[in-house]
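Asker: For reference, the chains in residue letters:
2 protein chains.
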Amino acid sequence: MTDQPTQPANSAAASLEVIDEAVRAELTSLRESIDNIDAAVVHMLAERFKATQRVGRLKAEHKLPPADPERERAQITRLRELAAGAHLDPVFAEKFLNFIIAEVIRHHEAIARA
Amino acid sequence: MTDQPTQPANSAAASLEVIDEAVRAELTSLRESIDNIDAAVVHMLAERFKATQRVGRLKAEHKLPPADPERERAQITRLRELAAGAHLDPVFAEKFLNFIIAEVIRHHEAIARA
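Chains as they are written, first to last, in the working numbering: chain V, 299 to 412; chain W, 299 to 412.
With the rest of the complex left out, here is chain V (with noise of 0.2 angstroms):
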């Protein structure tokens, strides 16, 4: 029976502290590229917000409505297509846009109470 496990590495109580050395590195490896990538989508993500507050002054000193439902669908078709091009799931893309769409309305909103 050569090929019955010696150690419990592959059970399904296997933790992170006892799967391999190698295992181990190569997870350690992926999480410090998505934590790059994280901290790059942080800093566009607070880069869009200043643009969006900007739009959101312009819209309230031009008494424009804070949602503008043509531009939406226009980036959710446009963001669709360029996740397609990405490989990443056009659903999901369009769930993250509606996600931060949400957020700057409510940024909208506020600019245009204060």
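It is possible that part of the hints are untrue.
What the hints assert, rightly or not - Listed next, with one range per pair, are the computed distances between beta-carbon atoms:
#1 W:Lys361 <-> V:Lys393: 26 to 32 angstroms
#2 V:Ser331 <-> W:Arg322: 15 to 21 angstroms
#3 V:Pro363 <-> W:Ser327: 16 to 22 angstroms
As the list claims (entries may be wrong) - Interface residues of chain W toward chain V, partial, derived using beta-carbon atoms under 8 angstroms:
#4 Thr326
#5 Asp336
#6 Ala337
#7 His360
Unchecked claim - Using 20 angstroms as the maximum straight-line C-alpha spacing, the simulated EDC-like pairs for lysine to aspartate or glutamate come out as follows:
#8 W:Lys361 <-> V:Asp318
#9 V:Lys393 <-> W:Glu345
#10 V:Lys348 <-> V:Glu330
#11 V:Lys348 <-> W:Glu345
#12 V:Lys348 <-> W:Glu324
#13 W:Lys348 <-> V:Asp333
#14 V:Lys361 <-> V:Glu407
Hints listed in this document are in silico derivations from the structure and should not be mistaken for laboratory results. All C-beta atoms, glycine included, are put in the ideal place defined by N, C-alpha and C.
Chain V is already provided as a structure; the job is to place chain W on it using the hints.
Answerer: Okay, now just chain W, sitting in the frame of chain V:
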């Protein structure tokens, strides 16, 4: 009454069609920046999911649980700090990471079932 508006550009019913050309140009410029940032973020997220798919396969192969609460707590703490440094609302940054992690766990569960 010289401070009375002479045309309806400032009325609540004003639309992008009737606001003046300078405002429209500024809005267009800001929206182009937002679209550029969104394209960058979509491509960063595509790369992020490539990394998390590899993590998912590694976890499935080694029978590790799809979610890792300790890792998630460390990610949230780090991202809130990065957000504060970039003048991004840390509460939003945490919501954003939770939104992404929920999608990642959905992927990991699908890999583990496959």
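Asker: Against this structure, judge whether each hint is valid.
Answerer: Going down the list of hints, with the structure as the test:
no.: 1; hint: W:Lys361 <-> V:Lys393: 26 to 32 angstroms; result: holds, 30 angstroms
no.: 2; hint: V:Ser331 <-> W:Arg322: 15 to 21 angstroms; result: violated, 41 angstroms
no.: 3; hint: V:Pro363 <-> W:Ser327: 16 to 22 angstroms; result: holds, 20 angstroms
no.: 4; hint: Thr326; result: violated, 10 angstroms
no.: 5; hint: Asp336; result: holds, 6 angstroms
no.: 6; hint: Ala337; result: holds, 6 angstroms
no.: 7; hint: His360; result: holds, 5 angstroms
no.: 8; hint: W:Lys361 <-> V:Asp318; result: holds, 13 angstroms
no.: 9; hint: V:Lys393 <-> W:Glu345; result: holds, 18 angstroms
no.: 10; hint: V:Lys348 <-> V:Glu330; result: violated, 27 angstroms
no.: 11; hint: V:Lys348 <-> W:Glu345; result: violated, 24 angstroms
no.: 12; hint: V:Lys348 <-> W:Glu324; result: holds, 14 angstroms
no.: 13; hint: W:Lys348 <-> V:Asp333; result: holds, 13 angstroms
no.: 14; hint: V:Lys361 <-> V:Glu407; result: holds, 11 angstroms
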